[in-house]
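Here's the letter readout for the chains.
Number of protein chains: 2
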Amino acid sequence: MKKLINKPEDVVKQSLAGVAAAHSDLVVVKYDPNIVVRADAPVKGKVGVISGGGSGHEPMHGGFVGMGMLDAACPGDVFTSPTPDQMEAATKAVNGGAGVLHIVKNYTGDVMNFEMAAELCQAEGIEVASVVIDDDVAVQDSLYTAGRRGVGTTVLAEKICGAAAESGAGLKAVADLCRKVNANGRSMGMALTSCTVPAAGKPTFAIGDDEMEIGIGIHGEPGRQRMALKSAHEIAVMMAEAVLADLPFKSGDRAIAMVNGMGGTPLIELYLVYNELEQICKGKGVTIARRLVGNYITSLEMAGCSITMVKADDELLKLWDAPVHTPALRWGV
Amino acid sequence: MKKLINKPEDVVKQSLAGVAAAHSDLVVVKYDPNIVVRADAPVKGKVGVISGGGSGHEPMHGGFVGMGMLDAACPGDVFTSPTPDQMEAATKAVNGGAGVLHIVKNYTGDVMNFEMAAELCQAEGIEVASVVIDDDVAVQDSLYTAGRRGVGTTVLAEKICGAAAESGAGLKAVADLCRKVNANGRSMGMALTSCTVPAAGKPTFAIGDDEMEIGIGIHGEPGRQRMALKSAHEIAVMMAEAVLADLPFKSGDRAIAMVNGMGGTPLIELYLVYNELEQICKGKGVTIARRLVGNYITSLEMAGCSITMVKADDELLKLWDAPVHTPALRWGV
Chain A
2 MKKLINKPED VVKQSLAGVA AAHSDLVVVK YDPNIVVRAD APVKGKVGVI SGGGSGHEPM
62 HGGFVGMGML DAACPGDVFT SPTPDQMEAA TKAVNGGAGV LHIVKNYTGD VMNFEMAAEL
122 CQAEGIEVAS VVIDDDVAVQ DSLYTAGRRG VGTTVLAEKI CGAAAESGAG LKAVADLCRK
182 VNANGRSMGM ALTSCTVPAA GKPTFAIGDD EMEIGIGIHG EPGRQRMALK SAHEIAVMMA
242 EAVLADLPFK SGDRAIAMVN GMGGTPLIEL YLVYNELEQI CKGKGVTIAR RLVGNYITSL
302 EMAGCSITMV KADDELLKLW DAPVHTPALR WGV
Chain B
2 MKKLINKPED VVKQSLAGVA AAHSDLVVVK YDPNIVVRAD APVKGKVGVI SGGGSGHEPM
62 HGGFVGMGML DAACPGDVFT SPTPDQMEAA TKAVNGGAGV LHIVKNYTGD VMNFEMAAEL
122 CQAEGIEVAS VVIDDDVAVQ DSLYTAGRRG VGTTVLAEKI CGAAAESGAG LKAVADLCRK
182 VNANGRSMGM ALTSCTVPAA GKPTFAIGDD EMEIGIGIHG EPGRQRMALK SAHEIAVMMA
242 EAVLADLPFK SGDRAIAMVN GMGGTPLIEL YLVYNELEQI CKGKGVTIAR RLVGNYITSL
302 EMAGCSITMV KADDELLKLW DAPVHTPALR WGV
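As you go down the protein sequences, you meet chains A and B in turn.
Sequential numbering of the first sequence, starting at 2, is according to the working numbering.
Sequential numbering of the second sequence, starting at 2, is according to the working numbering.
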């Protein structure tokens, strides 16, 4: 295992300490339970928006805490659901009196623990709404899920719901918006290599030098198909067609697109994949109105990429364009 | 070779096409010769600032083209110097009548070709100043250089000089500023794995499963020492002490720091290294006043990182904070 770490059991805390030191103007990191909180939380009268999940997907979620996006993030151990006490602490820390939205990626542990935390908070008089993201078209049920996995659409939902909350929308409106983004969002990923969980010390799965896996999950869960390595064009076509056909996207639709790196794939390749996606969408009459190209929801050092498309109307585009100031996404400020 | 590409010979152009499609509001890509140019170039009366070098280091340099940073970038083939006709075309495209600064990383081919381009442009009446960046403390001479290699300080110099040019500074002042940044900047890198140049199809160098290389160059050039894999703490100490001792940085100094990923190292590890750097600097009384943590000057998919420190006074910090709007760096707008 080749990683820039000290002890495997200290990776999450020491990386969080780096986030805290680098971004003290934006976030505060609290430990035991571990949460990343917006520096000015709670914002009085604003709906709080939180998310969380296993670590190893950085910048998600801690890198998206700040003005116009998340109010707090709950980082679990690597590829391990955070615990209800983290979610409870985050909810209380960001509660400005207008309720708190939990954005939950569809993994059994995450869903169960967020439900438990929501009940605890509601029992203490904090209004909580929860929306589960399940956008991965690759598989219907998965190693860690009933139903589809929650992946890239989560990033876009956090940005859009954060903007709405910032503009003063109420809890029901922000939750409805999150459901709308999820209903309009589809993703699919692929891997060239495995990742290695620090505590495990060895690759999560074996894959041949001439093989790739299409439809992989963000923890290395099995995908749709193991096959011989294909060209970027063929890979983009396989993923984009699965994504576009599923909603389905139609000619005339506009979209926010994300070509996301899994952590070990360099930007020169991600832009090459974006070029393929742009051509495919043009061919189908779908306009990519906004986009992200880079590492946003990763799987440690896995090589590979994913494509996310969210069908977007004027409302979603306006919220997308609203100012955001977080460690990993920043514009308009 | 596992990459998201089509044909090796098409990687640079197809990746540039992705940059053009994704960032048409910021940049225009021209081909044969290949250059990435600010969309509103030339800006009348403003000093133009250009740079360039081999591809494979993305986002450098094309990702730094835009308001407040570079006016143009010249991307060569992967790990290959751009040609004088690229630099000449870029210089002409951004010449707003106030002269053009060439920021050149110290590699023999780059220096020679930028010199030739400067002569061609001067012969046509365009005033050109050139500054060579040579900040890598690892080795005195290298596989591709006489003297020290130019690495991470280049990113900071491009930001700072771009801000000065944007504010109306003249060519001599912007060039002097670039020399000041270089004089105050020091870097060192390390690798856990090799990268693979697409046209070569095999790793640039061999390295054992339990080995790392300290002082590596951004093309996989040999560093200071091959040794057994160490902890992130030990690695950060080795690199930071070499960097800090070289200037030297003294107690009371302020700095802009960059913990940079080589392309294949995930953010969770880079923030962990940043935490180590912060502790080391605090121990020596050096204040990190600003910082970047992420992938800014990469070596394709190499796993590893580098540390750059630029000693900064009020002038440099003010220029650092000035608005910038490029594909890879954006704030204040």
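FYI, nobody ran anything at the bench for these hints, they're computed from the structure.
Quantities reported herein were computed from a predicted structural model and do not represent experimental measurements.
Careful: at least some of the hints might be erroneous.
If several chains are the same, the list does not tell them apart, and a pair holds so long as it fits within one copy or across any two.
[Said to hold, decoys possible] Dumping the calculated SDA-like pairs for lysine to any residue here, alpha-carbon to alpha-carbon at most 20 Å:
hint, residue 1, residue 2
1, K14, H234
2, K173, W332
3, K3, F206
4, K319, V334
5, K319, T81
6, K31, G169
7, K8, P85
8, K3, I208
9, K283, S252
10, K45, P34
Against the structure, the hints come out as follows:
no.: 1; hint: K14 <-> H234; verdict: between (39 Å within a copy, 14 Å between copies)
no.: 2; hint: K173 <-> W332; verdict: neither (26 Å within a copy, 32 Å between copies)
no.: 3; hint: K3 <-> F206; verdict: both (16 Å within a copy, 16 Å between copies)
no.: 4; hint: K319 <-> V334; verdict: both (16 Å within a copy, 16 Å between copies)
no.: 5; hint: K319 <-> T81; verdict: neither (34 Å within a copy, 42 Å between copies)
no.: 6; hint: K31 <-> G169; verdict: neither (27 Å within a copy, 44 Å between copies)
no.: 7; hint: K8 <-> P85; verdict: neither (25 Å within a copy, 49 Å between copies)
no.: 8; hint: K3 <-> I208; verdict: both (18 Å within a copy, 11 Å between copies)
no.: 9; hint: K283 <-> S252; verdict: within (9 Å within a copy, 57 Å between copies)
no.: 10; hint: K45 <-> P34; verdict: neither (23 Å within a copy, 55 Å between copies)
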